[in-house]
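> Sequence:
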Amino acid sequence: MDSSNTVEAVIERPLGPAMAGEVLTLQRAAYATEAQVYRDPFLPALTQPLDELARELEGPGLGLWQGERLIGAVRWTVADDIAHVGRLTVAPDLQGRGIGTRLLRAAERASGASEFELFTGHLSEANIRLYEREGYAVARREPLHDGVDLVFMRKSAHPARASSTAAR
Numbered sequence: 001m002d003s004s005n006t007v008e009a010v011i012e013r014p015l016g017p018a019m020a021g022e023v024l025t026l027q028r029a030a031y032a033t034e035a036q037v038y039r040d041p042f043l044p045a046l047t048q049p050l051d052e053l054a055r056e057l058e059g060p061g062l063g064l065w066q067g068e069r070l071i072g073a074v075r076w077t078v079a080d081d082i083a084h085v086g087r088l089t090v091a092p093d094l095q096g097r098g099i100g101t102r103l104l105r106a107a108e109r110a111s112g113a114s115e116f117e118l119f120t121g122h123l124s125e126a127n128i129r130l131y132e133r134e135g136y137a138v139a140r141r142e143p144l145h146d147g148v149d150l151v152f153m154r155k156s157a158h159p160a161r162a163s164s165t166a167a168r
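When we follow UniProt numbering, the leftmost residue of the sequence shown carries the number 1, and every step to the right adds one.
Quick caveat, the hints were computed from the structure, so don't treat them as lab data.
Every residue gets a Cβ at the ideal spot worked out from N, C-alpha and C, and that includes glycine.
Check before you lean on any hint, since a few could be wrong.
[Claimed, not checked] Restraint-style ranges between C-beta atoms, simulated for each label pair:
no.	residue 1	residue 2	range
1	A137	V37	20 to 30 Å
2	R39	A106	13 to 23 Å
3	D40	G96	17 to 27 Å
4	G147	P14	13 to 23 Å
5	R109	F42	32 to 42 Å
Please work from the sequences and hints to get the whole structure.
This is how it looks when you write it as structure tokens:
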């Protein structure tokens with residue numbers, strides 16, 4: 001059998017501090033394209049020190065592995081029943097194949113929160129489309145620097161409840 005035609009299963013596992021090197025490698029590869037879009041090689045995801053990332057990985061996070069390769073990762077924190085989703089990253093050669101969607105949904109489930117918030121840059125159109133497809137709506141925009149805005153998006157785990165509450 002030709003091994004080049006076999007498809008390895010994608011396995012979801014929790015992230016931890018010991019995986020910081022793998023996560024940082026993935027993060028830098030994934031954010032390199034964002035750096036080009038924003039013409040900024042100093043995005044925080046690209047300049048984050050390994051020890052800082054290892055500390056972040058003490059908190060909740062999930063990774064997707066295909067064989068031994070980390071192909072996607074996501075982290076979040078929960079405060080006041082709101083999950084703040086961050087650093088959703090997918091290997092550049094596998095983007096557009098549903099990995100980001102799978103990770104986002106898994107993070108939402110695992111967080112146990114009733115509301116979700118994330119942000120991206122205003123020029124990150126593919127990210128914004130993904131989040132909108134998953135039910136996120138723009139909550140606010142905040143200027144960052146040099147004409148770059150952060151777009152904060154929110155979603156309720158219970159959309160019917162959120163819309164009935166808003167109607168009152």
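> Confirm or reject each hint.
Hints and how they fare:
1. A137 to V37: 20 to 30 Å: 22 Å, holds
2. R39 to A106: 13 to 23 Å: 32 Å, violated
3. D40 to G96: 17 to 27 Å: For D40 and G96 the Cβ distance comes to about 23 Å; the hint holds.
4. G147 to P14: 13 to 23 Å: With Cβ atoms ~38 Å apart, the hint is violated.
5. R109 to F42: 32 to 42 Å: Given about 34 Å between the Cβ atoms, the range holds.
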